[in-house]
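Peer 1: Now for the letters of each chain:
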Amino acid sequence: MSQQQDLLRDAMRRLNLTRDAFAERLGVRRRTLDTWLLPEDSNESRAMPEMVARFVAEILLHEASTAAAAGTAVDERPLARRIAADGRPQLLSVSQFERSSLEDLFHVADVMQPIARRQKVTRILEGAVLGSLFFEASTRTRVSFGAAFCRLGGSVCDTTGFTFSSMAKGESIYDTSRVMSGYVDALVVRHPEQGSVAEFARATNLPVINAGDGPGEHPSQAILDLYTIQREFSRMGKLIDGMHVAMVGDLKYGRTVHSLIRLLALYRGLKFTLIAPPSLEMPAYLLDLVSRNGHVIEQTHSLEQGLRGADVVYATRIQKERFEGEAIEGYTPEFQVCKALVDAVCKPDTILMHPLPRDGRPGANDLSVDLNHDPRLAIFRQTDNGIPVRMALFAVLMGVDQQVARSMRDVGWRSPAHIGPDDADFDGLD
Amino acid sequence: MSQQQDLLRDAMRRLNLTRDAFAERLGVRRRTLDTWLLPEDSNESRAMPEMVARFVAEILLHEASTAAAAGTAVDERPLARRIAADGRPQLLSVSQFERSSLEDLFHVADVMQPIARRQKVTRILEGAVLGSLFFEASTRTRVSFGAAFCRLGGSVCDTTGFTFSSMAKGESIYDTSRVMSGYVDALVVRHPEQGSVAEFARATNLPVINAGDGPGEHPSQAILDLYTIQREFSRMGKLIDGMHVAMVGDLKYGRTVHSLIRLLALYRGLKFTLIAPPSLEMPAYLLDLVSRNGHVIEQTHSLEQGLRGADVVYATRIQKERFEGEAIEGYTPEFQVCKALVDAVCKPDTILMHPLPRDGRPGANDLSVDLNHDPRLAIFRQTDNGIPVRMALFAVLMGVDQQVARSMRDVGWRSPAHIGPDDADFDGLD
Amino acid sequence: MSQQQDLLRDAMRRLNLTRDAFAERLGVRRRTLDTWLLPEDSNESRAMPEMVARFVAEILLHEASTAAAAGTAVDERPLARRIAADGRPQLLSVSQFERSSLEDLFHVADVMQPIARRQKVTRILEGAVLGSLFFEASTRTRVSFGAAFCRLGGSVCDTTGFTFSSMAKGESIYDTSRVMSGYVDALVVRHPEQGSVAEFARATNLPVINAGDGPGEHPSQAILDLYTIQREFSRMGKLIDGMHVAMVGDLKYGRTVHSLIRLLALYRGLKFTLIAPPSLEMPAYLLDLVSRNGHVIEQTHSLEQGLRGADVVYATRIQKERFEGEAIEGYTPEFQVCKALVDAVCKPDTILMHPLPRDGRPGANDLSVDLNHDPRLAIFRQTDNGIPVRMALFAVLMGVDQQVARSMRDVGWRSPAHIGPDDADFDGLD
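Protein chains in written order, with the working numbering: chain S, 1 to 430; chain Y, 431 to 860; chain A, 861 to 1290.
Hints listed in this document are in silico derivations from the structure and should not be mistaken for laboratory results.
Computed from a predicted structure; not experimentally measured.
Please note: incorrect hints may appear among the correct ones.
Quick list of in silico lysine-lysine cross-link-like pairs, DSSO-like style, CA-CA up to 30 Å [to be verified]:
(1) Y:Lys-769 - Y:Lys-668
(2) A:Lys-980 - S:Lys-339
(3) S:Lys-120 - A:Lys-1199
(4) Y:Lys-701 - S:Lys-339
(5) A:Lys-1112 - Y:Lys-682
(6) A:Lys-980 - S:Lys-169
(7) A:Lys-1029 - Y:Lys-769
(8) Y:Lys-550 - S:Lys-120
Going by beta-carbon spacing under 8 Å, a handful of chain A positions derived as facing chain Y [to be verified]:
(9) Val-1039
(10) Tyr-1043
(11) Gln-1196
(12) Cys-1198
(13) Lys-1199
(14) Leu-1201
Idealized CB from N, CA, C, for every residue including glycine.
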């Protein structure tokens, strides 16, 4: 993403304006704004006049002083300080975020896009070592964090699964944490027991990211989910405020939907449609939280009814291993989000999301593979976004978020224009 | 290897001339040519006159224009394009190679030698991340690929064995491949099922190398085997065309011999002696392929008879786990390639190869450890060659093969003159 | 650590003088020397006059010429040569060290401190690859070695546990070692069988470090233990010569105490109190070795009696898995080093050490977690020291120990002032 795109997107996000509203504010046609927002290598891309940049800066300054006068001034502390957990640069829960800090993090993630897209490299964390401690195996999450740290220039020391021998010998989490902290510069921890990662984090002053603590949280997943919605909407000129999101599947045990709904609740005027089988509904405390923030909630057992009109469909797999032996009343094979259903009830600009992995076997009650060529399927754009979001988290927690843009240089090897053969379906989207 | 050696070796390979024939063509004595081909730090090494370099360039130019006139012009496309799999920079099968592309790859591997020998370092792939996905454990192959990528300046994210949790939850190979591709810049994949790596590769535009798909292929092994033969022969002034190779052991299930024989079939006038127990013979379709290309094939159950006169003995282990329960008729303990046998029937310049691991236990029907001090044992020169060959593959697939030579700088630490204590037996060989 | 501190500490170590004695030799007050030894960023820190540096250099020169005249001249060979194993740059046993080579290694570890403390980075080993082969899982040790190598600028290829498939197929240690040596530049090996690592090391000329061979040795642990004692004593102005160390726990099977006692025996006039349950006493051959070197040994089954007056308490866990089924006569729950006991019988400057992991469960017969806020608990300063010590070992074995100081540059990210929240208890200690 060019500096120009970066500047315009950031302004729209800060001002919370759609493309239409922003174009109006600038006094240009929507089509003109669109050409400024296209990637530099697109034929349609246009450079905006220098004056526009100054105008945008002026508007932002004006906005800030208005906010200051109204007593809603921007928090000027570094982002790491604002999201700190108990004073430490650690990410344990989505509750550490408010809307403004989320949006600032998204700005850092945008800065990382040229690296994530293999156009630039940085070595800003050269010499730093990440300890990646997965007391429970998770290839996807582990590699995503590891690759993000490597792309910042650091090195990774991995530990996976039950080979973590010390804890089997009665070592406390306190000892494990403090010992590992003496070896590395930042820690990513996954643990099967809720609260374990927080206990781990209390024993160290190093940056720690919770990569999932059993039924607890997995905050970076919710953040990348929201970042994906924000980027997709930005491309389509839509705002998160006022949107309609349908959440599908196991809403009782799925920690990703729990964390995501808490982040979405920071926005304004959303409509949530929660579609779950009878025994797998969203817990009451989350319904309360969302209602208190003034959002509308609908609950239904019917996929067809629930998906209708949604801007975002967030599907999840029924994690059978979470409640073996329990009967799942009303849970029948028609609980599948497939191409026919999406074509029938969703809009052309609906986006389909999923925390993955999805069960791709025939008849699975999950997001169907027959949607693989539908541009609305955003699941790989979503996982791709894991890299810039996790790079942004590391950069913020390690205090290099302001230096990283200056540290970039061009990539030296050849990368494909599109990562996946089916990505071309989305060509020019961004 | 110096520029001088590099230039001369490459010329001999392109012209397909032995040292004797090349010396004659240049009008110098064989001994003179030998001194030009010695490593620079050898006492006997001599710099060749500048005029020789010009002469050699002239000969190559003449050769090229003759080939062009004869309609057999060299394919000028980049090597990655010439060996592409379905248009992508991926290595799935040895069938992607023809003789000229193999030889060009060997030239890139030669360029990597100073790095592989710890005389030079490069950071050409700094910032790149390799995803090393081993759905089936293989330390040797995994470390060889990983070390090769690191020596090019990149970082590696590893996944080994059955901890690959997503696929157990019903995730398709398509999803796994596309998700991982969003995290990394190249992929090395091993999978127990034939065809799985190709399926994985079809779901991504990134470089993918098949590191073994069960009974299918393991192309980088066959390429490093052939590269080894080529280097050993170059040292001895022999040509692959017309050579006699004996293949020993399990020729039915051993994928390494299957891939190697397909590569060797690209050369001219070879004699193959295939020595296997009755139920473990080379499949008929491979015999047909080799015969069609005009090579001579002999089959025998007798080691002593089969090894006689061979230039290369390629021994393999009987992989008992591949056919448990099946009776191995005629397979008796005298099926061992040992020092006494080699001394009795092989030549002083025969080379002994093996894909490793070899079973070193007493009485094993494998290449015997009593050959460890015999200079004809090329098995460690062979595994050492895995590094430059895999570096070359990465460099070609990622489009940096033309830049890597310029990017090298001197190594900063101390390396032993010989890697193994027994390597001195081969001192000055290269 | 500043150059000034470095110089003074090294001088005290070479001259074997306490702070008091060194201050007297220099003709300054002890308090003045203390201010020169404080970290630069301390308010109390003072720069010493240039003349002092010259005076110290003069004293060291005089000392060296006196030693030369007395026939006890310093061995001028590079450290790697002096500690070589069978002529190779390998660390297999603590027996490769004598006192002077240990102290020289400690000096290299001191040079690494700014990197270990995240104030500096170096890339001196950029391009080098470490093969980390753990045939027996050990997260702590593996990550410590891996992070140390990464902090020198190198890359790490890991192999853990029983996934090491080749050896299961009958491959000899000789083959495994020689093959891996062709891929990497240095090797760290842990193996469950005593002597296996030495066998592995004999098959390669590369640097190899024994990271534990079952009941055999784990030399880097003993070295970092001694380095910790030396640093703690240096801070307190005490000398190792003449100190009183109490060793507690399983002294029969614990390889760490075996290796440590052999290193301590290189010093002069120590008193050892060995406190073990009846069936777990220190082997006789080690008692003999220590006695022969003129040290005093006391043995007791009583914790309370044994700890009294000790300068160092080295506690170990009873590794139940080492002797399952065997009865442990006299081993009762009061065999625990806890806060009450330490307060009752230890001195204010006693230091408490442990090789970790310690069993932190209630009632465990180990070093109690109720000491976590006691500044005498040195266990995390001890594990922290694993990084500079292992960096020093790699630097020495790879021949870059003299270049590393010049290669350092400032770290680019933000690190916490203290790694652990409880570390502030020791603030200003160093």
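Peer 1: Each of the hints needs a verdict: does it hold here or not?
Peer 2: Hint by hint, here is what the structure shows:
Restraint check: the Cα-Cα separation between Lys-769 (chain Y) and Lys-668 (chain Y) comes to about 24 Å, which is no more than 30 Å; the hinted pair holds. For the proposed pair Lys-980 (chain A) and Lys-339 (chain S), the alpha carbon gap of about 55 Å is over 30 Å, so the pair is violated. For a cut-off of 30 Å, the pair hint linking Lys-120 (chain S) to Lys-1199 (chain A) is broken: about 55 Å separates their Cα positions. Our distance criterion of 30 Å between C-alpha atoms is broken by Lys-701 (chain Y) and Lys-339 (chain S), whose separation comes to about 58 Å.
For the proposed pair Lys-1112 (chain A) and Lys-682 (chain Y), the alpha carbon gap of about 53 Å is over 30 Å, so the pair is violated. Of the supplied pair hints, the one linking Lys-980 (chain A) and Lys-169 (chain S) is violated, its CA atoms being roughly 35 Å apart against a limit of 30 Å. Between Lys-1029 (chain A) and Lys-769 (chain Y) the CA atoms are separated by roughly 22 Å; this keeps the pair inside 30 Å, and the hint holds. Annotation: proposed proximity of Lys-550 (chain Y) to Lys-120 (chain S) holds, straight-line Cα distance about 25 Å (limit 30 Å).
Taking 8 Å as the C-beta contact cut-off toward chain Y, the hint placing Val-1039 (chain A) at the interface holds, the least distance being around 5 Å. Hint status for Tyr-1043 (chain A): holds, given a least beta-carbon distance of 4 Å to chain Y, under 8 Å. Proximity of Gln-1196 (chain A) to chain Y is violated relative to the hint, the smallest CB-CB distance being about 37 Å (cut-off 8 Å). With its C-beta approaching chain Y no nearer than about 39 Å, Cys-1198 (chain A) sits outside the 8 Å limit, and its interface hint is violated.
Checking Lys-1199 (chain A) against chain Y by beta carbon gives a least distance of about 41 Å; that is not within 8 Å, so the hint is violated. Because the beta carbon of Leu-1201 (chain A) sits about 43 Å from the nearest beta carbon in chain Y, more than 8 Å, this interface hint is broken.
In summary, the structure is inconsistent with hints 2, 3, 4, 5, 6, 11, 12, 13, 14 from the numbered list given earlier, while agreeing with the others.
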